[in-house]
Amino acid sequence: MTYTIAQINQMSQEHFVEALGSVFEDTPTLAAQTWKKRPFRDTEHLHQSFISQMLELSDAEKMALIQAHPDLGSRVKMAPDSIAEQAGAGLDRLSRQQYDRFISLNQAYQDKFGFPFIMAVKGQTQDKILKAFEERLNYSRQAEREQALDEITKIVQFRLGDRVVN
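Quick note on numbering: the sequence shown equals residues 156 to 321 in my numbering.
Hints may contain errors.
[Claimed, not checked] In the BS3-like style, the derived pairs of lysine-lysine whose C-alpha atoms are separated by at most 27 Å in a straight line are: (1) Lys277 with Lys217; (2) Lys267 with Lys217; (3) Lys217 with Lys309; (4) Lys286 with Lys309.
[Claimed, not checked] If you anchor each label on the Cβ, the simulated ranges turn out as follows: (5) Arg251 with Lys283: 16 to 24 Å; (6) Ile258 with Arg296: 18 to 26 Å; (7) Asp247 with Lys286: 13 to 21 Å; (8) Leu292 with Tyr254: 15 to 23 Å.
By construction, these hints were calculated from the structure, which means they are not laboratory data. Each residue gets a CB set at the ideal place from its N, CA and C atoms; glycine is no exception.
Make the full structure from the sequences, and use the hints.
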């Protein structure tokens, strides 16, 4: 369902969380906290409010947010938004060889960094995702943690764009 900013600003906290709680993967508490920052001027202000709420998290809470994301290309149970985004990038139609490559990269990434590879895959191709995987395996843990939060910022923007209009 799509909402206007006016509708968003009029929502109860419960309805706000119901409508927008999944913009962060499996972390609706961020929506509950963001609701307190109303009124929002427009979609960009709403997005910035969500991101500022994310940045206020402790390091442990940020890591929990990162850990809430599924491995790309995996066939595990995941949130409906993640399913749609990965399907849009063709990750639900991987050949056995492609699937094995994603599993291998996910494992190498998890072994090196201790958290899942996160990328805003909307509008991306399998080849671009694989290239990013390979490049980012060369990052330091701190740089990759920051990259993961930047990717989450993009994911939130995409998800809000699908649900809210000015």
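Results for each hint:
Annotation: proposed proximity of lysine 277 to lysine 217 holds, straight-line Cα distance about 22 Å (limit 27 Å). With a C-alpha separation of about 18 Å, the suggested pair lysine 267 and lysine 217 falls inside the 27 Å cut-off, and the hint holds. Taking the CA atoms of lysine 217 and lysine 309, the gap is about 16 Å. The hint holds against a cut of 27 Å. Restraint check for lysine 286 and lysine 309: the C-alpha separation of about 18 Å stays at or below 27 Å, so the hint holds.
Against the hinted window of 16 to 24 Å, the Cβ-Cβ separation of arginine 251 and lysine 283 comes to about 21 Å, which satisfies the hint. At about 22 Å, the CB distance of isoleucine 258 to arginine 296 agrees with the hint of 18 to 26 Å. Restraint check, aspartate 247 to lysine 286: a C-beta distance of roughly 20 Å satisfies the suggested window 13 to 21 Å. Checking the proposed 15 to 23 Å range against leucine 292 and tyrosine 254 shows it holds: the Cβ atoms sit about 18 Å from each other.
Hint check: no violations occur; every hint is consistent with the structure.
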